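Listed here are the chains, written in short residue letters.
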Amino acid sequence: MKLVTAIIQPHRVDEVRAALEAAGVKGVTVSEAAGYGRQKGHTEVYRGAEYTVDLVPKTRLEVLVDDADAASVTEAIVSAAQTGKIGDGKVWTVPVDDVARVRTGEHGADAL
Amino acid sequence: MDSGNIAWLLISASLVLLMTPGLAFFYGGMSRGKSVLNMMMMSFGAIAVGTLAWVTFGYSISGGGDTINNIIGDPLGDFGMISTVESGDAMSIISAGFGATFAIITVALISGSIADRAKFGSWLVFAFLWVILVYSPVAHWVWGTGTAGEGFDALLGAGGPLFADLPGPYDFAGGTVVHINAGVAGLVLALLLGVRKGFGKEPMRPHNLPFVMLGAALLWFGWFGFNAGSAFAADNWAATAWVNTTVATSLAILGWLLVEKIRDGKATSLGAASGVVAGLVAITPACASVDTWGAIVIGLIAGILSSLAVGLKYKFGYDDSLDVVGVHLVAGLWGTLAIGLVASGAIQDDPGLFYGGGISLLGVQAAAAGVTIVYSAIATLIIGLAIKYTIGFRVSEEVEVSGIDLSEHGETAYEEAK
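Going line by line, the protein sequences match chains U and G. Taking UniProt numbering, the leading residue of the first sequence gets 1, the next gets one more, and so forth. Taking UniProt numbering, the leading residue of the second sequence gets 1, the next gets one more, and so forth.
Careful: at least some of the hints might be erroneous.
Simulated pairs of lysine-lysine, DSS-like, Cα-Cα distance not exceeding 27 Å [stated by the list, open to error]: (1) U:2 with U:26; (2) U:40 with U:90; (3) U:26 with G:266; (4) U:85 with G:315; (5) G:266 with G:388; (6) G:197 with G:261; (7) G:315 with G:266; (8) G:315 with G:261; (9) U:26 with U:90; (10) G:266 with U:90; (11) U:2 with U:90; (12) G:201 with U:40; (13) U:40 with U:85; (14) G:388 with G:315; (15) G:388 with U:40.
Source of the hints: derived by calculation from the structure; they are not laboratory data. In this text the structure is predicted, and so the values were computed from the model without any measurement.
Hey, can you work out the whole structure from these sequences and the hints?
This is the structure we're talking about:
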């Protein structure tokens with residue numbers, strides 16, 4: 001099993017969710033994130049005083065998938081989240097030892 | 001008994017009381033999330049102790065009854081407002097109540113200059129003493145006697161009346177008493193307490209701009225009681241004050257946004273809300289002295305001046321956190337002086353320089369502002385120093401960094417506050 005984690009632009013969440021559903025992914029965890037990469041921060045002005053906001057708001061998606069689906073799920077996220085501008089984010093995959101479904105106690109692929 | 005006038009003053013007093021919770025939102029939104037409750041509590045605390053200060057000694061000092069050497073009202077002359085209430089005269093009773101709401105908002109305004117760092121108990125002590133020792137005497141000089149000129153003469157005129165043969169000074173609803181007074185006191189306290197950790201280096205961005213907009217709206221609404229209520233009648237003066245208040249405030253929004261658009265590239269919501277307050281402040285003393293064109297000029301220039309003045313604190317290094325000086329002192333001064341320039345002479349007797357009057361009204365307005373500045377600075381400094389060296393005025397650095405809400409009030413506004 002693999003954990004696919006994506007950091008994307010908040011305004012692409014709906015498109016990515018639709019793409020994941022089309023790819024047969026049954027569940028996803030979404031959380032708010034903040035960070036910076038090549039996009040850096042931006043400047044805000046309050047009563048004439050400039051503040052540099054270093055951390056840019058992003059959305060983090062986490063999906064657990066079978067090894068065989070990891071590549072296609074990654075591609076689905078990339079194509080749905082892409083705008084072509086700096087700040088589109090990143091997607092990465094890490095191996096997962098075990099998964100348990102809390103309701104039933106099932107383990108492994110059955111719990112996905 | 002004129003029930004129409006009494007009804008209008010009852011409503012006006014209620015409107016002005018609403019300004020202070022409105023100010024709590026205006027200031028609270030501008031503060032950081034970890035200190036918003038303390039910021040709002042300084043306004044609510046001002047209501048609590050300001051009322052007590054007013055009914056005990058404040059009203060007696062400001063009122064026009066028995067005096068001490070003609071200089072201030074006898075503090076015990078109407079202690080507890082007992083004789084006023086017992087008089088059974090509705091106009092007198094609600095006028096005393098109306099005065100309380102002015103004292104409260106004035107001292108609450110000061111709290112903006114010491115955001116995030118004042119001990120709550122010390123603030124309450126300060127607010128109580130300041131209403132009695134600073135607000136009430138100035139209110140006596142400007143409003144408590146026959147004319148402001150007589151009041152200042154009593155204070156200054158060792159060698160005879162200074163203002164007797166001159167026009168004015170005019171202060172319809174509180175340019176000197178309220179805004180210059182609070183602005184100077186704010187500057188003094190900001191200097192006395194010192195800058196916050198990270199001032200000018202770390203971002204201290206307003207944590208809730210919708211609160212700021214809401215607060216500005218409540219202030220504007222309440223200000224109709226402040227300005228039009230200061231006519232003490234539902235008459236021509238009240239109506240004129242209402243119109244001028246709306247006109248000047250609208251133009252001040254435009255003035256502030258114009259500066260932002262040219263200087264920073266964008267017109268901001270904080271700028272619009274700040275423009276509202278700058279315009280309201282500037283028209284306060286002048287709202288019954290000018291025609292519509294005068295209100296337009298006063299409002300537009302107030303927005304421009306205050307939007308430029310809020311940057312001074314970074315240049316001179318005083319942490320007037322929420323710009324009590326830049327907005328209230330600067331716009332209050334401008335409105336007070338503007339009477340000398342654009343008073344129409346149609347309602348109040350003396351026209352300003354550009355309406356066929358001489359330069360003397362401008363000079364008298366400047367003198368009234370000057371006396372207020374000097375008295376407020378000295379008296380505020382004495383009260384502030386007394387608190388600083390007895391019970392202490394400022395919280396520890398640790399409290400300031402972790403957030404004053406939790407340490408002073410045992411609460412936090414949000415689960416994760418920065």
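Cross-check of the supplied hints:
no. : hint             : verdict
1   : U:2 with U:26    : holds, 14 Å
2   : U:40 with U:90   : holds, 15 Å
3   : U:26 with G:266  : violated, 44 Å
4   : U:85 with G:315  : violated, 38 Å
5   : G:266 with G:388 : violated, 41 Å
6   : G:197 with G:261 : violated, 31 Å
7   : G:315 with G:266 : holds, 22 Å
8   : G:315 with G:261 : holds, 21 Å
9   : U:26 with U:90   : holds, 21 Å
10  : G:266 with U:90  : violated, 32 Å
11  : U:2 with U:90    : holds, 16 Å
12  : G:201 with U:40  : holds, 19 Å
13  : U:40 with U:85   : holds, 13 Å
14  : G:388 with G:315 : holds, 26 Å
15  : G:388 with U:40  : violated, 44 Å
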